[in-house]
Amino acid sequence: MYLAIREMRFAKVRYALIATIMLLIAFLVLFVTGLAKGLAYDNAASIENMSASHFVMEKEASHRFTRSLLEESVLSQTGKAIGEENVQSLSVRMTTVTNAGAEFKLDVTLIAVKPEGWLMPSVSEGHAITSQSIGEVLVDSKMKESGIGIGSIIVDQGSGLEWTVSGFVSDESFSHSPVIFLNESDWRQLQLKMNALKGADGAASDRSISAIALRADKEQVEQLAAAMSQTEIVTKSQAIAAIPGYKEEQGSLTMMILFLYIISVFVLAVFFYVITIQKSHQFGVLKAIGTRTGYLVKSVSLQMLLLSVSSLMISVLLVRAIEMMLPSGMPFQLHVSTLLMTCGAFIVISLVGALLSVYKISRIDALDAIGRTTA
Amino acid sequence: MTYRLIMDQITHRFEDGGVQRTILNNLSLKVAEGELVAVLGPSGSGKSTFLSIAGALLAPTSGNVLLDGESITGENAGELSSIRLHQIGFIFQSANLIPYLKAEEQLMFVAKQSGIHSSLAAKRARALLEKLGMSHRRGAYPEKLSGGERQRIAIARALMNDPAVLLADEPTASLDAARGMDVVQLLASEAKELGKSAVMVTHDERVLPLCDRVLHLDNGCLIEK
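Listed in order, the protein sequences are those of chains P and W.
If you read the first sequence in the numbering used here, its first letter stands for residue 1, the second for the next number, and so on.
If you read the second sequence in the numbering used here, its first letter stands for residue 1001, the second for the next number, and so on.
Just so you know, not all the hints are guaranteed correct.
The list that follows gives simulated cross-link-like pairs (lysine-lysine, DSSO-like), each with its CA atoms no further than 27 Å apart [stated by the list, open to error]:
(1) W:1144 <-> P:12
(2) W:1112 <-> P:12
(3) P:298 <-> W:1112
(4) W:1102 <-> P:298
Don't read these hints as lab results, they were simulated from the structure.
Because the structure is a prediction, the values reported are computed rather than measured.
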């Protein structure tokens, strides 16, 4: 370690340059990761927050809540199979709403669940809705920005139905739109109205819910899947990935992150490799005077580690600082666990970058030191 | 008389384009304690190979190298490293100091490698620098030292771990005549005073009067002229 630290002290500019490059890349990786996570959460928070493990959907719905329609009998059927307490009905519909004065329009997602069930998020402001309440809804707190408060009237553009906001929930969104929670009877009301508008006979359709949320283990799911032919059971992550725009958004961000990692491996590997080649005569001398290869390898790895850890620390501070400056509406989310994972991946990658140099060092012959005039 | 370096019937061959070339042929050499031996020879005569084998950098095809009476034949790479560290002091052409270590640190580094306690090492390093008249330059990087000063530091580095043998590879190659004489003088006197067996490979005939013996490498053998 004697050599590693003294060399960095001596060649400050050289190492400061590479540390700066690493810092910038690490910052970008952290920032894009935060953005990806933030967007993912903003996109799918409502589903993400549900404690369900799987969802039962219509077979033809290709994993999409908004396309799926199930008969309510499926609910009781699955309830019997894995226990009433482990199933919840879930209905999702994307629509446009206005306020009472029709001053603005908002794209929202309506989600209907049993208010007393385990899919209902806790209320952050105002009071909760119950199965008995009529025309009362909970809305995502982002809708406050549009001037909606407790007691505001919301009008659904499609059906003309009116709801009163009884409270707010936080961080509830679906496909980047805020979510409005209603109870099942209001949902049925909505279905009837929509059917009537469509020119159907107005009778209650028996296909009224979108999906069924399950809390089940793999074995139960397999049994259930075998028993039901008209439906498909999808995992939570499959369901999230099928939310419109989710896969595309995450895919491009993930590709960016992946490329940043690959770029950093190459930048680091090339930098250290060039330095190593430049120093190969010096390594030969060191070996000739009795320095073990292992010591030299440790020395290079330590340099790499010092560089990556220090650049990471600075970039974490930078990202945290930037995060505080970001506007509140900006979807950015960097939990400590994600942060640690990213930092860990970066350190591993920097050590991978050192491998080429390590290989080179191990090949350098001490004989190089003899009979050569170059310093 | 004690011979700290003994090379016993060393032969070294290698294959070059299907032709067996013999570089060293049954070469034997004994260097006594306190003795400085100069080895001369035209380029291509095998001086580097000779020095590499004496310095435990290269295993000969056959024959034995004994340091302080102990054979180093058949040791693995790690053990050879340790032998070079503890029993051999190298002085290279143009010093070959580590560019990012200050003069004193060059000595501290080899001491650290051999596990000498750092306070003891610091004392030794200071004493050596003092003795070689380099105390005032102890905090200087090699790039700030003159050629002669660098070679002095290189000699100090070679002596740091108190080796049995000193091996110098054309130590005067990059020095002017006066500096060259100084450096070889220093090498001879240190070898004498500290009881090392010293071998110097050189081209420089001016420094030969300072050596105890002068040998010529000819056809893979050492001969006295």
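Against the structure, the hints:
| no. | hint | result |
| --- | --- | --- |
| 1 | W:1144 <-> P:12 | 17 Å, holds |
| 2 | W:1112 <-> P:12 | 24 Å, holds |
| 3 | P:298 <-> W:1112 | 15 Å, holds |
| 4 | W:1102 <-> P:298 | 21 Å, holds |
Violated hints are absent here; each numbered hint is respected by the structure.
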